[in-house]
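Model the full assembly from the supplied sequences, consistent with the hints where possible.
In case you want the letters, here they are:
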Amino acid sequence: MKLNGKKVIALGERDGVPGPAIAECVRSAGAEPIFVETECFV
Amino acid sequence: MDPENQDRIKSLVDEHGADDVVVVLGAADLEALEVAAETLTVGDPAYVGSLAGVQLGLPVVHILEEDVKEQVDPQVYDEQVGLLEMTLDVAQVRRAAATFPGRDGT
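Sequences listed follow chains A and B, in order.
The working numbering puts the first residue of the first sequence at 1, with every later residue one more than the last.
The working numbering puts the first residue of the second sequence at 1, with every later residue one more than the last.
Check each hint, because a few of them may be wrong.
Sample of chain B residues lacking proximity to chain A, with all beta carbon distances greater than 12 Å (derived) [unchecked claim]: (1) VAL42; (2) VAL48; (3) ALA52; (4) VAL54.
Here are some, though not all, of the chain B residues that point toward chain A, as calculated from beta-carbon distances under 10 Å [stated by the list, open to error]: (5) ASN5; (6) GLN71; (7) GLU85.
None of these hints come from the bench; they were simulated from the model.
Quick reminder that beta carbons are idealized off the backbone N, C-alpha and C, glycines included.
Set out below in structure tokens:
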């Protein structure tokens, strides 16, 4: 799945990778984060 | 999956359309991954949120997958995910991601 040019829903997890970290990563891949959230599934 | 997030994601897909939208997950918990992937493709399995019965059909990937990592600036990836990559069970997450809905071409 190519990320470049895509709009990304970055859905992180508190005990995994948080949303803002995902957003930074996909931004560097040429994607635009349109939703950034860190859920807690406990 | 949090019903409030379901509301917001549904609104975003209504606004932007589903064609150019990709979901990138970060959860390490396998059950959480399964539920999130299912909710954003074939609908909320718990039938509690606004995505109950709604098949968004969004492509879902995980930030720890090799194919995703390769597209990210290595320095940024190392800064944001590097430490977590060493502590989380990456192989287990990748195996789970390989079973996300839509991966088998359906």
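ask   = When the hints from earlier in the document are held up against this structure, which numbers fail?
value = Nothing - there is no hint that the structure violates, so all of them hold.
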